[in-house]
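Protein sequences appear in the order of chains A, V, R and E.
Letter by letter, the first sequence follows residues 463 to 786 in this note's numbering.
Letter by letter, the second sequence follows residues 463 to 786 in this note's numbering.
Letter by letter, the third sequence follows residues 463 to 786 in this note's numbering.
Letter by letter, the fourth sequence follows residues 463 to 786 in this note's numbering.
Hints are computed from structural coordinates only; laboratory data are not their basis.
Each hint should be verified, as a subset may be incorrect.
When chains are identical, the list treats them as one kind, so a pair holds in a single copy or across two.
As the list claims (entries may be wrong) - Simulated pairs of lysine to any residue, SDA-like, Cα-Cα distance not exceeding 20 Å: (1) 596 <-> 614; (2) 505 <-> 544; (3) 560 <-> 518; (4) 710 <-> 737; (5) 531 <-> 614; (6) 625 <-> 680.
Each chain, written out:
There are 4 protein chains.
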Amino acid sequence: MINVRTDLAIESRELYKQRNNQEASGVEVEKDEGKEYTVTRVKIVNEMGSKNLGKPEGTYITIDVPRLKNTDQDLKDEISQLLAKELKGMGKNDKNTKTLIVGLGNWNVTPDALGPKVVDRVLVTRQFYIAYNKDSDETVANVSAISPGVMGLTGIETSEIVKGIVERTKPDLVVAVDSLASRKMERVSTTIQISDTGINPGSGIDNKRMGLNEEYLGVPVIAIGIPTVVDAATMVNDTMDLIIESMKNEAEVGSKFYSNLEQISSEEKYDLIREVLEPFMPNIVVTPKEIDLLIDDLSIIIANGLNMSLHHGIDLKDVNRYIK
Amino acid sequence: MINVRTDLAIESRELYKQRNNQEASGVEVEKDEGKEYTVTRVKIVNEMGSKNLGKPEGTYITIDVPRLKNTDQDLKDEISQLLAKELKGMGKNDKNTKTLIVGLGNWNVTPDALGPKVVDRVLVTRQFYIAYNKDSDETVANVSAISPGVMGLTGIETSEIVKGIVERTKPDLVVAVDSLASRKMERVSTTIQISDTGINPGSGIDNKRMGLNEEYLGVPVIAIGIPTVVDAATMVNDTMDLIIESMKNEAEVGSKFYSNLEQISSEEKYDLIREVLEPFMPNIVVTPKEIDLLIDDLSIIIANGLNMSLHHGIDLKDVNRYIK
Amino acid sequence: MINVRTDLAIESRELYKQRNNQEASGVEVEKDEGKEYTVTRVKIVNEMGSKNLGKPEGTYITIDVPRLKNTDQDLKDEISQLLAKELKGMGKNDKNTKTLIVGLGNWNVTPDALGPKVVDRVLVTRQFYIAYNKDSDETVANVSAISPGVMGLTGIETSEIVKGIVERTKPDLVVAVDSLASRKMERVSTTIQISDTGINPGSGIDNKRMGLNEEYLGVPVIAIGIPTVVDAATMVNDTMDLIIESMKNEAEVGSKFYSNLEQISSEEKYDLIREVLEPFMPNIVVTPKEIDLLIDDLSIIIANGLNMSLHHGIDLKDVNRYIK
Amino acid sequence: MINVRTDLAIESRELYKQRNNQEASGVEVEKDEGKEYTVTRVKIVNEMGSKNLGKPEGTYITIDVPRLKNTDQDLKDEISQLLAKELKGMGKNDKNTKTLIVGLGNWNVTPDALGPKVVDRVLVTRQFYIAYNKDSDETVANVSAISPGVMGLTGIETSEIVKGIVERTKPDLVVAVDSLASRKMERVSTTIQISDTGINPGSGIDNKRMGLNEEYLGVPVIAIGIPTVVDAATMVNDTMDLIIESMKNEAEVGSKFYSNLEQISSEEKYDLIREVLEPFMPNIVVTPKEIDLLIDDLSIIIANGLNMSLHHGIDLKDVNRYIK
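Full structure from sequences and hints, please.
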């Protein structure tokens, strides 16, 4: 059982392997390497896999793009296209699919504002379907979008708002976009996770209480997320590991000091750190300084990817025309 | 029948009187004069009254505060209190009422952002009722709040979003806050209208197609609005009237020119202006230059008024503590 | 002498021609027609021309792009390139020129925020020249940028702030970007004016008192402006003209009514309108409803144009990489 | 010599005492305890004191208000008044003093935006002195204000912009407001530091290279700052100390493990952490999650304090009227 906080299946899997020196049972992993990116597909195929990684069964696709921060337009476009391809590859939509895009998170908290920013930027078309009383179109699919806010702002659980809208507007598919927490600073704003499991309780920057998944909403839910913060306890933990490692290098192997260092570096350390940080934990974020600009950039990449994957007639040469 | 665009019952009534030289049948009017403000209560009591003023039956309370623009804190506080009093006077809520506040309008269009700004600022408490599993509280009532956006942003009709949320969260009362259009520049940001009729099709800065009223939502709807723009045709019309008036003063009474001027100043002039401006109409707003700051100020006045009228235990000495 | 308020030389020239039925002496006009745009170069070549058009001697280039509102990326790119070409054509800069970009206007008043938004988005490089102690570079020129605010925000005249910075940082060229007022709604956000005369007293949305020109700053000043508002009096005036015109069409030619109409349509009408509107004038803006989005779009077009014209090594395929 | 990063003199002094078990020579400390706050005055009286604390000679007043986060209006008002009193107590201004308020920091980086937010909110009056050609006034003093941005945005060193404006507008006093870094999370947004030394190289969230002090500007400079971030290395360091402490409690005193733990807790640990974090350091901020709202609140407290201390005729009952 994993108690380390991460929203990324790829990190849950890394932790499992690190602790057990083997791949988790019930988990299948597949990798594609591009020049600028790696795509990792983690499939949790049964209950055992779900228990091992602490995540629901389903497919989790991770796109790692180390150069994504502050990169040039060409790489951004490439990643938008890759995202579109992977989204289509999930097989949940075609040109007749009615999609509701949901931007999760608090627009007043910069690293939590990714979802609302994406919603600001996607091409919304449902109003034209209604105005012209259409059922289908060769160029654009039926897409609506909403940022429901967080409970601290509205007094209403996010999932209730979304459920209410789904019941009224009857989409075939929900795509939920959210800011995530990662265990590693280097993943912040360089990794995109797509999964067909929706959003589940306890994930995201603000722990969600209710799920935003097919079980609750009655339609498939694709979740797209990018880590925008690291957990403070994780940062302390990882730094301590590096420090202890460097002390061990200087200590005599087999000495008492060496074994003490090993001892400190044990399983309980993370829990100890959490405990010490706990009083501050809910209120601390560790985030890149330029997070405001990163969120802007990333929201355009995701919005472009969504526009290309949902709308039949929109490809790379058009897509920047639709971005707001 | 009135075809002049105004969201204010008080202006519909002025127009009726101006054209017919008498109060409209089916309409009752009452005035309270304060030192800094006038409260006018227009009651449309039957179908005839509704037809005469072109508005649904119900009570329309107008608070006119000529000095409200750029005023001092004392007058703002006084108006918040007055607003609270008038809202309570509607008799739609007590300390056990569950209220949903809806901020209508487009947050990307400054003069249309009043509703969303109010929602940003009201005290939202429903989450505590849920967290502590409470039914009632002596200090704060159960209040939730949402800004559903406009159809151009979400692809979903505002009223559908609100209906979905009302169905899920079952409030006893909806309070809808909206930016209005006035016929007179001097009313912009100095007049507050409260009505128990909700929001009806064709009102607001963006013409709404569906209503946000008791008929549709199944619970009473109080609408609060402040004019933030004037209709361009109205501005041209009124200016022309003043000009023609001043020409008439210089023309010889009884002369052909005088009667021609009278003729120009006829009923059709407004329609003519509309026709001429029509191509630009949907896209033009005439608004005070400092509208960004006015919207900020007015949203605080309304949010304070709402906080005092909805929450039992909050009065003027507390209210600025809750403003965000 | 012209007393009608316009910041566009092209409109001053139109007015002159309309009133005098001939081109103004001391004024030379040249036109280039493109498929999507017209470039008009108005040169005021002597004092007489300056007196006739009510503007300082110099070159005023106007790019009219009727489809510029809500257009596609290709046309935006084309206009950015055209702007870059015209700016280079002024002959005020090469790769060794140190340029200070000044974003004029009040960032709190949406239609006045064009200049500050452009400054947010241009590629600023002077810090690298300082950090690496360089004098020249093949790719990027030495560019700094500031938005000095308006006197109501800072208590300091804009021109004093700019003068202070020019004295400390010694640029070779100042480029001032500003929101303008036009006489015609159709020019709002479709026309770009570039001039080598700088900004002169009485221009812009907020009347400036002091100039931002070579005489005051000691270095050449290129001004770039886009109309974002129309003058309210102008709108009323133009609407009245259209109405009177349509009445004249119906009146019998030669009749008294006809001549009265002609009489109303005289020179003094505009002044009368100003007089009537005067009490509201300083505080009213007439602007497109979607002005928030237009300002965003236009600021990118100008920033891209500036980046291509100032920085040697940046062309169209790179330019969107540098936009923030 | 201190190499730990803190902008607070009170923390430099704590560190010195901790390491040397005595008050630093050349440093005088004085405390006032209020019910809700502690005022500590650290005076660095000579060169030795300056060397010991790593800060220039001068007076550093720290107001610690543990309850300041999310507090009520009464405490906020009390702290604004206290701030006003302490500012007046510095003896640098009277009703004839011309003051320039400078808001330092990057408005695009939330925790760095305190200074610009304060500048947005202070009462600026210099324009009226100029308009009415006045030299003095019984109610309001001559105040101007500017947010010069940071070098990454403008390409110009902040101090050069300020120097240029000081040379043109000749204020008698500069007040510089800035976001600070603290060593302790509990000081973030609960501590206000006022000093008469201005801003000196290497302080603030973005290390400044040039000073904003009397030596450079030629007029006295009061600096006001509030910590809005903690240094990431400090957070790790402090967490490790707590963990080691708790391990020591469980280890046998005198055991090898115990002494090893003591050894780890040595001087070099902090440097080691810095080294490990260095690659991420310039880009990581550790900040409260609700920093957006905190910056808003704190900027009002400071702006109110400045309004009351600079303007003769403004006291607590007026001050909220002037806040934007």
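Tested hints:
1. 596 <-> 614: Answer is between; shortest inter-copy Cα gap is 17 Å, intra-copy 38 Å.
2. 505 <-> 544: Classified as within; 19 Å inside a copy, 52 Å across copies.
3. 560 <-> 518: This pair counts as neither: shortest intra-copy Cα distance 25 Å, inter-copy 36 Å.
4. 710 <-> 737: between (25 Å within a copy, 16 Å between copies)
5. 531 <-> 614: between (30 Å within a copy, 17 Å between copies)
6. 625 <-> 680: Both: 9 Å inside a copy, 19 Å across copies.
Consistency note: the structure conflicts with earlier hint 3 alone.
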